[in-house]
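Chemist: Hey, can you work out the whole structure from these sequences and the hints?
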Amino acid sequence: MSVLSNISRRSWAVWQRNKDVFFFTWKTNFLPPFLEPILYLLAMGFGFGMLIQELPPPWDQYTYAEFLGPGLIAISAMYGAFFECTYGSFVRMHYQKTFDAIVATPLTIEDVIAGEILWGATKSFINASIVALVVAAFGLLSFPSFLLVIPITFLAGLAFGALAMIFTALVPNIDSFNYPFFLLITPMFLFSGTFFPLEILPEGVQAVALALPLTHTTIVMRDFGLGLFGWMDLLSLLYLTVLTLVAFYAAVWMMRRRLVS
Amino acid sequence: MDWVIEAEALTKKFEDLVAVDGISFRIAQGECFGFLGPNGAGKTTAIRMIQCVSPVTSGKLTVLGMDVGGRQREIKALLGVCPQEDNLDPDFTAWKNLLVYARYFGIRREEAEKRAKDLLEFMQLTEKKDVEIPKLSGGMKRRLVIARALMNDPKLLILDEPTTGLDPQARHLIWDKVRELRKRGVTVLITTHYMDEAQQLCERLVIMEKGRILVEGVPADLISRSVGSGVVEVLSPTDGMDAWLRKGEWIYEKAGDRAYLYTDDNRSLRERILREFPAANVIIRDATLEDVFLKLTGRGLRD
Ligand SMILES: Nc1ncnc2c1ncn2[C@@H]1O[C@H](COP(=O)(O)OP(=O)(O)O)[C@@H](O)[C@H]1O
Ligand SMILES: [Mg+2]
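Residue numbers (our numbering), protein chains in the order written: chain A, 54 to 314; chain B, 1157 to 1459.
Worth double-checking, as some hints may not be accurate.
Using 30 angstroms as the maximum straight-line C-alpha spacing, the simulated DSS-like pairs for lysine-lysine come out as follows [stated by the list, open to error]: (1) A:K150 x B:K1297; (2) B:K1297 x B:K1285; (3) A:K80 x B:K1291; (4) B:K1252 x A:K80; (5) B:K1297 x A:K80; (6) B:K1451 x B:K1410; (7) B:K1285 x A:K80; (8) A:K72 x B:K1270; (9) B:K1366 x B:K1273; (10) A:K150 x A:K80; (11) A:K150 x B:K1410; (12) B:K1451 x A:K72; (13) A:K150 x B:K1333; (14) B:K1333 x A:K72; (15) B:K1216 x A:K72; (16) B:K1252 x A:K150; (17) B:K1311 x B:K1285; (18) B:K1311 x A:K150; (19) A:K150 x B:K1291; (20) B:K1291 x A:K72.
Okay, the calculated bits of chain A under chain B, using three or more residues with CB under 8 angstroms as the criterion [said to hold, decoys possible]: (21) 108-117; (22) 186-193.
If you want the footprint, here are the derived chain B segments under chain A, 3+ residues with CB under 8 angstroms [what the hints assert, rightly or not]: (23) 1200-1214; (24) 1227-1233; (25) 1319-1326.
If you're looking for bench data, these hints aren't it; they were derived computationally from the structure. From the three backbone atoms N, C-alpha and C, an ideal C-beta is built for every residue, glycine too.
Modeler: See below:
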């Protein structure tokens, strides 16, 4: 299959390029993922959480802040790659002509897209790991099982990065990203078991939520973060892996269609 | 003979538009070959097929002995390309641009730094080493793109309109550098719509229009073959004068209020005109590629 056979180790040169840009301005890049979860934890976890007497089962033995912490990690993993592989990749592709410059070298367009998605996943990994450490520092995670959360941030990053790249292959201009953000990302942010347990939703709505990638990211993050393990985690990991493979293949294929004429 | 590029009936279609229409040409090792033609002639499209970023619709295209259909990574590793539109990386300095580009070719760090240093010096950009791209002038960006194209020590250097939009100083500097590269034995393929640029740099060229090759040859031959070596221009000829000018054994063309007469012996033609019409306003000059081009494509405005 040409999509896959056109991907090589040279993708790492694309990843390295983006990494170099990122570390040039590292101070501004590291601050938001560090400060944002603190603000959310203070306002939502400890502030808003004061109003909550008791969570419904099976979460009744946890405080609201403990429940919320892993949700924040999952949200950060989603936004990191999704932002990078929509706005970031589009700017490089369309305005900066970076992709054009790269495909004039021995790299293929498939290498470029693979490198971009890997970099998007790395952004998720960096941002969400920082969030995980902050949440852990507040004493809201169980040690050492929460360390398993770290590799999951990268897996989730691959899934959301590949998904984002599909939109980047489709949008006519940069403003069009409002649609996936408004129709997909924001609803996921709110309704994927991030801020409240899915169990309190009507069953039909629960089924819809279970189709969303952030739901499965949150399930795994919360279970691993709080030291719980179950069958559902395996299913969720399988979901994220399959989504990654399918979306990655589609994204690379669609990008070739968009860019090679 | 080792051909660097061999194209046979090379064709590129975009939906219903034929951008390159069955062109055939060969470029030899070590020569400077030109694609000359107005905007939209298909020069860039042809180049993008040569650099393996745009698939061939039909025809045969071999670069450095390899078919562009199959061995794209290998071909691209041996090419240096200065694209028509600058696509330097605005996130980096001049220096870092060269190093990051070298990484795409898998060139080791020390080697890349050595080449980057030499090339910045060669293109007279050493003092701009740490300047960010948006702060470079158009001419500097162009020179940096050429330096970048040389980072992998290419067998073939492709320059797509390297001096369009530059001031005369910047153009001459680039011409000098291209000549120096030629002396070192680099094969160069250059596109331009400036006739003087082609005449200055190219040993052989094709003139293209609407995706086709109109003529191919050595600039001096092309000129003497299609228009003769000299030109006489008659400014604002009267009707009577115009009728007389039309009937000679020279080639006659009219554009605006000026008549162009092509002949090898432009001095004696001027004298004949002045004997016939003492009040005529007559200029003589050597014929250029521009005359060839305008004769082939007509002097009317396009677009
Ligand atoms: N990607 C493309 N899709 C559709 N048409 C194109 C594309 N690229 C070039 N063309 C058309 O092909 C023709 C030749 O363009 P081009 O090769 O850029 O000419 P030149 O470089 O000689 O100015 C033009 O009519 C141009 O509009
Ligand atoms: Mg062009």
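Chemist: Taking the hints in turn, state whether each one holds.
Modeler: Evaluation of the provided hints:
Proposed proximity of A:K150 and B:K1297 is supported: the alpha carbons are some 14 angstroms apart, at most 30 angstroms. A C-alpha spacing of about 12 angstroms is found between B:K1297 and B:K1285, which places the hinted pair at or below 30 angstroms, so the restraint holds. At roughly 23 angstroms between alpha-carbon atoms, A:K80 and B:K1291 fall within 30 angstroms of each other, so this suggested pair holds. Using a Cα cut-off of 30 angstroms, the hinted pair B:K1252 and A:K80 holds, with the two alpha carbons roughly 20 angstroms apart.
Proposed proximity of B:K1297 and A:K80 is supported: the alpha carbons are some 29 angstroms apart, at most 30 angstroms. A C-alpha spacing of about 10 angstroms is found between B:K1451 and B:K1410, which places the hinted pair at or below 30 angstroms, so the restraint holds. As the CA atoms of B:K1285 and A:K80 are separated by approximately 24 angstroms, the hinted pair is consistent with the 30 angstroms bound. Taking the CA atoms of A:K72 and B:K1270, the gap is about 23 angstroms. The hint holds against a cut of 30 angstroms.
This hinted pair does not check out: B:K1366 and B:K1273 have alpha carbons roughly 42 angstroms apart, beyond 30 angstroms. For the hint linking A:K150 to A:K80, the alpha-carbon distance of about 26 angstroms falls within 30 angstroms, and the restraint holds. Between A:K150 and B:K1410, the direct Cα distance comes to roughly 44 angstroms. Violation of the 30 angstroms bound is thereby established for this hinted pair. Of the supplied pair hints, the one linking B:K1451 and A:K72 is violated, its CA atoms being roughly 54 angstroms apart against a limit of 30 angstroms.
A C-alpha spacing of about 26 angstroms is found between A:K150 and B:K1333, which places the hinted pair at or below 30 angstroms, so the restraint holds. Distance hint between B:K1333 and A:K72 is unfulfilled; the C-alpha atoms sit about 34 angstroms from each other, more than 30 angstroms. A distance of roughly 40 angstroms separates the Cα atoms of B:K1216 and A:K72; the hinted pair therefore is violated under the 30 angstroms criterion. Our distance criterion of 30 angstroms between C-alpha atoms is met by B:K1252 and A:K150, whose separation comes to about 17 angstroms.
Only pairs whose Cα atoms come within 30 angstroms are accepted, and B:K1311 paired with B:K1285 is accepted, the gap being roughly 26 angstroms. Of the pairs offered as hints, the one joining B:K1311 and A:K150 holds, with about 25 angstroms between alpha carbons and a cut-off of 30 angstroms not exceeded. The straight-line distance between the Cα atoms of A:K150 and B:K1291 is roughly 18 angstroms, inside the 30 angstroms bound, and the hint therefore holds. For the hint pairing B:K1291 with A:K72, the CA-to-CA distance comes to about 23 angstroms; that is within 30 angstroms, so the pair holds.
By the rule of at least three residues with a Cβ nearer than 8 angstroms to a Cβ of chain B, the coverage given for the region 108-117 of chain A is violated, with 0 such residues. For the region 186-193 of chain A, the stated coverage by chain B is violated: 0 residues have a C-beta nearer than 8 angstroms to a C-beta of that chain, whereas at least 3 were required. Counting residues of the region 1200-1214 of chain B whose beta-carbon sits less than 8 angstroms from any beta-carbon of chain A gives 4, enough to reach three: the coverage restraint holds. Residues of the region 1227-1233 of chain B with a Cβ under 8 angstroms from some Cβ of chain A number 5, which satisfies the need for three, so the listed coverage holds.
Remark: the region 1319-1326 of chain B is not confirmed as covered by chain A, as 0 of its residues place a Cβ nearer than 8 angstroms to a Cβ of that chain, below the required three.
Comparing the model with each earlier hint shows violations of hints 9, 11, 12, 14, 15, 21, 22 and 25; every other hint is respected.
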